[in-house]
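Colleague: This is what each chain is made of:
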Amino acid sequence: DSGVTQTPKHLITATGQRVTLRCSPRSGDLSVYWYQQSLDQGLQFLIQYYNGEERAKGNILERFSAQQFPDLHSELNLSSLELGDSALYFCASSVSTSGGNEQFFGPGTRLTVL
Amino acid sequence: GNSVTQMEGPVTLSEEAFLTINCTYTATGYPSLFWYVQYPGEGLQLLLKATKADDKGSNKGFEATYRKETTSFHLEKGSVQVSDSAVYFCANYNQGGKLIFGQGTELSVKP
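These protein sequence lines are chains A and B, in that order. Numbering-wise (the working numbering), the first sequence opens with residue 1 and increments by one. Numbering-wise (the working numbering), the second sequence opens with residue 1 and increments by one.
Hints are computed from structural coordinates only; laboratory data are not their basis. It should be emphasised that the depicted structure is a prediction, and the values quoted were computed from it without experimental measurement. Accuracy of the hints is not assured; some may be wrong.
[Stated by the list, open to error] Label-pair distances were calculated between CB atoms; the ranges are: (1) A:GLN67 <-> B:SER79: 39 to 49 Å; (2) B:ALA17 <-> A:LEU61: 36 to 46 Å; (3) B:GLN81 <-> A:ALA14: 35 to 45 Å; (4) A:ASN51 <-> B:THR26: 26 to 36 Å; (5) B:LEU13 <-> A:ASN51: 20 to 30 Å; (6) B:THR5 <-> A:SER38: 15 to 25 Å; (7) A:LYS57 <-> B:GLN81: 31 to 41 Å; (8) A:GLY28 <-> B:SER79: 35 to 45 Å; (9) B:TYR30 <-> A:ILE60: 26 to 36 Å.
Glycine included, each C-beta is placed from N, C-alpha and C at the ideal position.
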């Protein structure tokens, strides 16, 4: 158990819908990262927050957005969903933004868009 | 920008065989390098890391050495077990705050 929790574990929805994925980092970790894992794209970094502020952005679509709240949990919002958005979405956390710090991954949310 | 290239899988080995999974990277400067492992149905776990050239990371019998001259970070284990069956990801840390992952290499160890 990494200490990072993600809800829900599975999510099935229809095209055009909007969903929210939730992540609680390990106690004491200020940095939260979101990743998308799909068969065709592999594991891709989406976005990073540190202590409530956006720090880095990766291959995140404009239909996707995220935020980190004062209690440090984070939410990833996916809207106007398309079939291609079906993937595993991982959240990770780390103590800081330092490059040598380990990122601890949650178990993931499997999103299926029908 | 940074990138990571891993050998393609799946890799199938017999128990107690020697394992090598190749990983090469491109990067600006000297990034930290990582191997993560993903067991079936689970999230990624850090297996080992190295933060500077010639560092050797090791854990659970796995080793990898940060080779600046060949821009490589190959994963090795002398004697694999069935419980090592998983997907292994090589990654480097970009200055922009993100881990760049390779495509993953699936390892299957047969008894």
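Colleague: Is 35 to 45 Å a correct range for the gap between the Cβ atoms of GLY28 (chain A) and SER79 (chain B)?
Modeller: For GLY28 (chain A) and SER79 (chain B) the Cβ distance comes to about 37 Å; the hint holds.
Colleague: Starting from the range 35 to 45 Å, see whether the pair GLN81 (chain B) and ALA14 (chain A) falls in it by beta-carbon distance.
Modeller: holds (43 Å)
Colleague: Please test the hint of 20 to 30 Å on the beta carbon pair from LEU13 (chain B) and ASN51 (chain A).
Modeller: Given a distance of about 44 Å, which is not inside 20 to 30 Å, the answer is violated.
Colleague: Could you check the hint for me, namely that TYR30 (chain B) and ILE60 (chain A) are 26 to 36 Å apart, CB to CB?
Modeller: holds (27 Å)
Colleague: Regarding THR5 (chain B) and SER38 (chain A), is the given constraint of 15 to 25 Å on their beta-carbon distance met?
Modeller: Between THR5 (chain B) and SER38 (chain A), where Cβ atoms are some 19 Å apart, the hint holds.
Colleague: Does the Cβ pair LYS57 (chain A), GLN81 (chain B) satisfy 31 to 41 Å?
Modeller: holds (40 Å)
Colleague: For the range 39 to 49 Å, tell me whether the beta carbons of GLN67 (chain A) and SER79 (chain B) fit it or not.
Modeller: This hint holds: roughly 47 Å between Cβ atoms.
Colleague: Taking 26 to 36 Å as the hint, is the beta-carbon distance of ASN51 (chain A) and THR26 (chain B) inside that range?
Modeller: holds (31 Å)
Colleague: Between ALA17 (chain B) and LEU61 (chain A), does the C-beta distance stay in 36 to 46 Å?
Modeller: Holds: the Cβ-Cβ distance is about 42 Å, inside 36 to 46 Å.
Comparing the model with each earlier hint shows a violation of hint 5 alone; every other hint is respected.
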